Amino acid sequence: MKIKEIFDSMAYGPAPESAAEANAFLDARNRRFGLFINGEWREPSNGAYFESTNPANRQLLAHLAEAGEQDVNAAVEAAQKAQPAWAALSGHQRGRYLYAIARQIQKHSRLFAVLESMDNGKPIRETRDIDIPLVARHFYHHAGWAQLMRTELRDYQPIGVIGQIIPWNFPLLMLAWKIAPALAMGNTVVLKPAEFTSLTSLLFAEICSDIGLPAGVVNVITGAGATGAALVKHESVQKIAFTGSTEVGKIIRKATAGSGKKLSLELGGKSPFIVFDDADLDSAVEGLVDAIWFNQGQVCCAGSRLLVQESVAETMYAKIKARMENLIVGNPLDKCIDIGAVVDKVQLETITGLVEQGVAEGNQIWQSTQACPSEGYFFPPTMFTNVSPAAKIAQEEIFGPVLVAMSFRSHKEAVALANNTRYGLAASIWTENINLALDIAPQIKAGSVWINCTNMFDAASGFGGYRESGFGREGGKEGLYEYVKPKHEAQLSDQPVLPAIAKEKKAAGPALPGIDRTAKMYIGGKQARPDGGYSQRILDRSGAYIGEVSAGNRKDIRNAVEAAHAVSSWAGMTGHARAQVLYYIAENLSARKEEFARRLAQMLQHSMAEALAEVEQSIERIYTYAAWADKYDGQAHSTIQRNVTLAMPEALGVMAIVCPDEAPLLGFVSTVLPAIAMGNSVVVIPSETAPLSATDFYQILDTSDVPGGTVNIVTGNKDELAAELAKHYNVDGIWYFGSKEGSRKVEELSTDSMKRSWVSYGKFRNWADPAQGEGEVFLRQATQVKNIWIPYGA
Amino acid sequence: MTKNHKKPAAEATAHPHIERNPGVPFDAAWFEALRVNRSAVERRAAGLSGRRTVKKEWQAAWLLKAITCMDLTTLAGDDTEGNVLRLCAKAKAPVRQDLLEALGMGGEGLQTGAVCVYHNLIPYAKAALDGSGIPIAAVSTGFPAGKITLEDKLTEIEKSVAAGATEIDIVISRDLVLQGKWRELYDEVAACRKACGEAHLKTILATGEIPTYTLVAKASMVSMMAGSDFIKTSTGKESVNATLPVSLVMIRMIRDYHERTGFKVGFKPAGGIQKAKQALDWLILMKEELGNEWLRPELFRFGASSLLGDIERQLEHHVTGRYSAAFRHPMA
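If you read the sequences in order, they're chains X and V.
The numbering of the first sequence is the working numbering, which starts it at 1 and goes up by one.
The numbering of the second sequence is the working numbering, which starts it at 795 and goes up by one.
The hints are simulated quantities; they were obtained by calculation from the structure and are not laboratory data.
A portion of the hints provided could be inaccurate.
[What the hints assert, rightly or not] Listed below are the simulated PhoX-like cross-link pairs for lysine-lysine, each with C-alpha atoms no more than 20 Å apart in a straight line:
id	chain 1	residue 1	chain 2	residue 2
1	X	K335	V	K953
2	X	K392	X	K412
3	X	K319	V	K1081
4	X	K740	X	K262
[Unchecked claim] Here's a subset of chain V near chain X, in silico, CB distances under 7 Å, partners left out:
id	residue
5	R832
6	A834
7	R838
8	L842
9	S843
10	K849
11	E851
12	A855
13	L897
14	G898
15	G901
16	K1058
17	E1082
18	L1089
[Stated by the list, open to error] Some but not every residue of chain V turned toward chain X, in silico, with C-beta under 10 Å:
id	residue
19	A827
20	V830
21	R846
22	T847
23	V848
24	K850
25	M899
26	T943
27	P1005
28	T1006
29	R1090
30	H1112
31	T1114
32	R1116
33	Y1117
All values derive from a computational prediction rather than experimental measurement.
Note that beta-carbon positions come from the ideal geometry of N, C-alpha and C, so glycine has one too.
If we strip away everything but chain X, and leave its shape as in the complex, we get (with noise of 0.2 Å):
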């Protein structure tokens, strides 16, 4: 083009990133690549390969090894052999290697961003000044962890082998993501990256080559669904991290129930971008850039939602078409271009699909009139306005770049519109008054909310969902825990720790039969007589008539939920508050210690000075939970912006809480009290053979100040309700002690509601012991963390 015409229309050109390097790095590799195991190149046993193509201009990049049961069992057997190895070198040792990867990923960042660029069809900017960087951060943080595991995860060793399956729209960070944290805490992994994005995954493998890191730590195995399914299932896989669609995240959750594999899930979303009238207006089109138009709206944490206050509604979207008329949608390798290529057909399909839904639906659609490229898998940034939350399209997630939008009345409308969904990834607030900022973020249920601001990364903070978004967080102190278990674990046994039955003969009954007391059910702060209108005996450890509990049933358990959805003043409690409460049921507890033992001699059959016993530990634990419930306080992280990102743990909000049968008394207060010193109200199952210890202890609740509703007690067979309260929707969280089978059917019932489960899987604490029966891991579990993101600057 002639300069001078340039001159007058003042147009961008084109300016490509050169493929050069990235073809030459393919071609010497014949465009063919093997399995990594073992820190070898190998052929896939059955002979297969699949095509992997650049979706800008639908050519083939290279032919991938298709891994097959066999190389599995191969790939996994490595790191099972390569682990205790691996665990055994100092964390000072498994640091320099991470600060090895993390030197020859910048080293080699362009070759990388170009490749992933090319594989995936994201702009060269973004995989350039966001994907690579953040992966080479994420490897020296990581390296600095591995550093201190000593020390600062004193209680915790590592897992094992971790199996690990990896979305196509961040590839190589979501790699980094999984394998920066396993290796530091000394675990070995198989990795399968989606098929369409497989290779800087195999760039990264020779890189692991190039440093030396020992054969088996990290391989790398190429294919599709079966290959993953493959993998998920492997008896000797003890973790699956995984991130992708909730559709699969479910079937692999189903798939791994019971089989005692930890989990950690990061999964869709439909995350809410809230704009208030007092923000600033400019900045938020800007941040909606981020939220929607990032990576071509593929974006699990997407600022999909729109919700903007009526008052400034139609300002903003007058802004927001204006700014995507600026919107540059074309080649990928182009460094002048705001939009690439949707990674495949099927992807470029299903978007179509749902926008052509939205247009049948009746919402007001609005696209940027500039072109996109014929040759790839193109589509236009696209923003509906006036959507209801009805509308599918305000429903499911695109993983386009398709903006819905909708207003709201008042900041309470806002949340509500917010919390409308079952998914909870992140959220983005604009205000520029603090005080409503931080006012609505602990409001929406999401594990990170950024405060001014939208898709913001980083290694120092944790990343992960609420209800079906998944569990787990990567980044930060609280991802680790994702990558370790607690040392105590290898401890538990096989059988109940229960006392012997005492020799001594009980003290003779009164003559006359004492006054009937009806252990009732306590829900909602009141005594309540079971649905059913049945009851079940209990007999104490020699078989003899002590009593009887309500039977209950289902419809107990739906009463139980409201009462604990309804009780509001608990959570929002200071700590310190909940925590005089908590000294309070101990104080009341300790003044009827007698009773409280009479009763346990009488179920469990043992001695006096055992039950008393059992009563003062019980006391003691109180103690620790009500010491606990102003300290588990989160933290607030380094990331590398200027801002303050807050980690707070909160409630997880309504939990189930099944019981362990043995300890009637201590295993109900160690396993009640902590989730409700962090606030939750409980559901509790109490244990079924002796559950007269808990019927007896809705008293010391009614004296003890504790709000009605927050701990609400159902009686009755044990697996039937936690079969029912696993099922409930409106559960958020549930603990279960109890068999092995039980355990399997708690996390399998878990799966479509996506609750946060935590089972016993058929092993046994002694609660008498401090190191199995209490301490933070039962924080852990009653709480999840949300990463607040707050930006500052006059």
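Since chain X is already given, all that's left is putting chain V on it; use the hints.
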């Protein structure tokens, strides 16, 4: 520039004539609720050069455009007739003719947007630029601190206009901004505008001395309401001069003012812009936030003294493929 200023031939006639911003009555409601989020603004500004770039012919064309938008400036205590004459000669022939010809721009009469000097040097500039159509801009109102009476400021403007300046770069009283005396600021700028008459008013906010972006945004809006033709970041004498983020804040206010009134106000970043790459960054910022219409000297100027030299070297590199040296280009 005056209405009868002859546009350089290189300026396309596609753009309609800019109607001068006459100002509007003071209305605090236009800016009272303004809030600017510094972190978000900085992110946008920092991200821009990653999102947009121009290479090869596009880069050359854009750099030539930057020259036409340049207020070639000397504002030093030791300015004399001699160096002002050199500056004016450079303004008339900013790029070596052989390079222009190689770029296909030899016959376009390329020259800078204006020459900018202190008041007492206006006569030399006037003589030197006679017939070129290049406007003379004079800094005024007690530049750079502005610490003289309003009466003296107005006198100074009138004298400069009388001496031949067609553009007056005034400095605002920063104390009025710091004290939130918006009405007084409006009155001051409006008085300056009146004193300018036909000459164009370029209002310097001295953003390096304004502590927050929110105040910069408000000061921008008040200055435009009072009738500024341009708003300008800095004198070049503050410790912090033109930055991309502060420019973003100001040009968003220009957009807002245009949406409210239909008047287009120009923008001039000044101070610290020394490299061709920076010039491109600003042009990209203008194009992205205000559109192509603002990419011309009627609505965009760089205040710069050493920028031209770097642009010349880049242009020679474009023509020859060899990195250039300063001594190969005539100095100002």
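Among the hints numbered above, which are violated by the structure, and what are their numbers in rising order? 1, 2, 8, 9, 15, 16, 26, 31, 32 and 33
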